[in-house]
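Chemist: One-letter residues, chain by chain:
There are 2 protein chains.
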Amino acid sequence: MDTIKEYISANQDRFLEELFGLIRIPSISSIASHKPDMYRAAEYLKRMLLEAGADSATVFETAGNPVTYAEKIMDASWPTILIYAHMDVMPVDPIDLWKTDPFDPVIVDGKICGRGADDDKGQSFMHVKAFEYMVRSGQLKCNVKFLIEGEEEVGSPNLGDFCKKHKEMLRTDIILVSDTSMIAQDIPSITTGLRGLTYLQIEVTGPNKDLHSGLFGGAVGNPVILLSKMLASVHDENNRITIPGFYDDVLDLTSEEKELLAQAPFDVEKYKSMLGIGEVWGEKGFRVPELTGTRPTFDVCGIWAGYTGEGTKTVLPSKAFAKVSSRIVPNQDHHDIAELIKKHFESIAPPQVKVEVEILHGGPAYICPITLPAYKAAEQAFTETFGKRPVPFRSGGSIPIISTFEKVLNAKSLLMGFGLESDNIHSPNESYPVWNFMKGIETITKFYGYYTA
Amino acid sequence: MDTIKEYISANQDRFLEELFGLIRIPSISSIASHKPDMYRAAEYLKRMLLEAGADSATVFETAGNPVTYAEKIMDASWPTILIYAHMDVMPVDPIDLWKTDPFDPVIVDGKICGRGADDDKGQSFMHVKAFEYMVRSGQLKCNVKFLIEGEEEVGSPNLGDFCKKHKEMLRTDIILVSDTSMIAQDIPSITTGLRGLTYLQIEVTGPNKDLHSGLFGGAVGNPVILLSKMLASVHDENNRITIPGFYDDVLDLTSEEKELLAQAPFDVEKYKSMLGIGEVWGEKGFRVPELTGTRPTFDVCGIWAGYTGEGTKTVLPSKAFAKVSSRIVPNQDHHDIAELIKKHFESIAPPQVKVEVEILHGGPAYICPITLPAYKAAEQAFTETFGKRPVPFRSGGSIPIISTFEKVLNAKSLLMGFGLESDNIHSPNESYPVWNFMKGIETITKFYGYYTA
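Protein chains in written order, with the working numbering: chain A, -7 to 445; chain B, -7 to 445.
Keep in mind that a hint or two might mislead.
One copy or any two copies: either way a pair holds, since identical chains are not told apart in the list.
What the hints assert, rightly or not - Subject to a maximum C-alpha distance of 25 Å in a straight line, what follows is the list of computed BS3-like cross-link-like pairs (lysine-lysine):
#1 201 <-> 262
#2 368 <-> 399
#3 201 <-> 264
#4 346 <-> 91
These aren't lab readings, by the way, just hints derived from the structure by calculation.
For reference, chain A alone in the conformation it holds in the complex (with noise of 0.2 Å):
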């Protein structure tokens, strides 16, 4: 084999039905029940490693669910590339709105289908056959580690103490992540910023028990009215946020800033449609790939309370939930952001309700600078791979252990995806185009070639 496209053409089913027994695996992270399917990813993944070519391959426990650990030393004196990445997935409900079975993956309209298709089994899978190409290719110029947790997506809550325990181990020159996406399958582009997180859960209680909305409505106040009316004062008629001190710590765009990000592709009509809204949202004065990219926000991600069954059922519910997220931006601190929201919350409630907010998880934004050498060398990956420029772009999603690496291991990201906005990450019907799969093992094999140069 010459070339990484006669590797990929002659290997691609193996690839595919390797990363099908990976999303076989149920591995949801925030469902205690799931914990066994957690390490059964694990071993898939060592085992997937090791026959790729890493000299070792250790699945390491933690006070949670488990890591998996790989790497192939050439030689001490040459350059590291670390790849972060994650074997656990979101749950999968509504169920009944997947068009199939979101643990046997099947390709469908050319589309790999299935929960962690993208989200994070289908990209990070293509650094796993990248890395067997380079091996047996003879042309790894580097040291390679896998890093790949179990715990992305309920916040990594024990990665940060992996890390500082294995410092050593773990030493790299950059860290490699596939876990965004791209602007357009024709507008190759790179992740230079990451929104972080905060995630909490809101307990609304009225009435000691469900009352009778006869006997009581209109002279007990109603959790969920109240609840309504909390959450509906969160955003002013501009839709800026009313939690006081919560702008604080923004900054604001410089002017290169704002003229960088408008060199990312944006048309309004295409999203709207996409998304079969009549009208997009947010905060007055930003354009939309502004709001998601720079802007902090506030949603509701769940909100339940009394009768939501089949009918009618005349109640006025005892207690009423939220469960609410954050996404901050540079310079905001999530556990303040927390509090402030948290507070916010008690200190609103009106005298006919308690109200209690637990903190849930969180992490920091990210930044990564254009004038990195990795960002230069994966530029001209792009360039050559896709047959134009990547745009550089901030994505509002959040990866919030980033952050942490680079306190911690003193090391930048680079976020190198290749999803698409329509891959339905996090939604029903997960996919992730083969397409996409073989274009991003041939990227990454060509950055390996420009970084090493």
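Once you've looked at the hints, dock chain B against the given chain A.
Modeler: Quick look at chain B alone, frame taken from chain A:
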């Protein structure tokens, strides 16, 4: 057996075991899969009524759930009493809050515990047993008809047609209903007013699928936040409902009516402590009994959207749902109010979402004049059995079919309820004190006496 007291004391274990047989049938009318249970309940009541002394008893088919009808015709020239009750019950969720199996009745601390223990199996069964005593003791001086339906908890959608079809069969001088509460165990009362009801479901649709809250958050309208804003806007700062036209048909109470209602004792501190709330709520300028008895309301009975499971999921939901209900007062039309609510929500929908509103069921309010001969007879009966004169009061609950009876059967209903506010009807751990069950039987037999005297 000379007296009702002796009869009850000799037969009370049998009375309870017969009632338990009815409670054991999970006749939940709002859940379609319980349809067979509706037939089991109807047949059970038919057998009970025949055993109690009815000349005939029939289970009638309707377009929905069956109706059990029974009668004993003593003399066509004697007055006729029709007893209306319902055999269907509310759903039991949240099931994990029940301390005992809702469909395996037991007596705990002198209370019958189970779904329907009060509403309306316990209360309707008092009539079966009072009738049994009147027949067996040879004291029955009137004709008695029983009309027991299976769709009260879903708004009696088919009973109006049934009444029209069987108008002659159902001809009566007065309708007796035990489906309401007393003010307290030591404050006997007769319900002289009921609120009406309309019940709707609101569906808010934003993006065409659940989205990743990081990638899209801040630029796509969140259906939960937008629904919260709509729900929050329904009450103004004085907790008055802002829906245009909502109060147009509400009549102010006369000073005489106000005075009468003020006779019903009410202790706001006891009320707050019973419900575990720090403050009552409601339209400014009204006391609690005025709020629940004489003012219309808007409540949210259920809400759901997005991720409601364990842990976290960073999702921007595609849809948000709410079940909302309005209690209405005399002179308000439930069809009109339902249309007002529907139109209001459709009109305030922001451009980022689609709002669909479905009207589920409804019924008008009711007033029973205290000059009615049946009211006077009930007043005497309560005074004899409770040792004090009952207080007339308006309840916040609804029995929509009562207005239909007035129109179709041209008969007034007397609301002789023996429930307590602490019975948890429509809630987990529904109960009904054995004392009230037996006292109810006694009082009903006295009513027969005074009414036919």
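Chemist: Each of the hints needs a verdict: does it hold here or not?
Modeler: Tested hints:
no.	hint	in the structure
1	201 <-> 262	between (48 Å within a copy, 16 Å between copies)
2	368 <-> 399	within (23 Å within a copy, 83 Å between copies)
3	201 <-> 264	between (43 Å within a copy, 12 Å between copies)
4	346 <-> 91	between (41 Å within a copy, 24 Å between copies)
Checked against the numbered hints given earlier, the structure satisfies every one of them.
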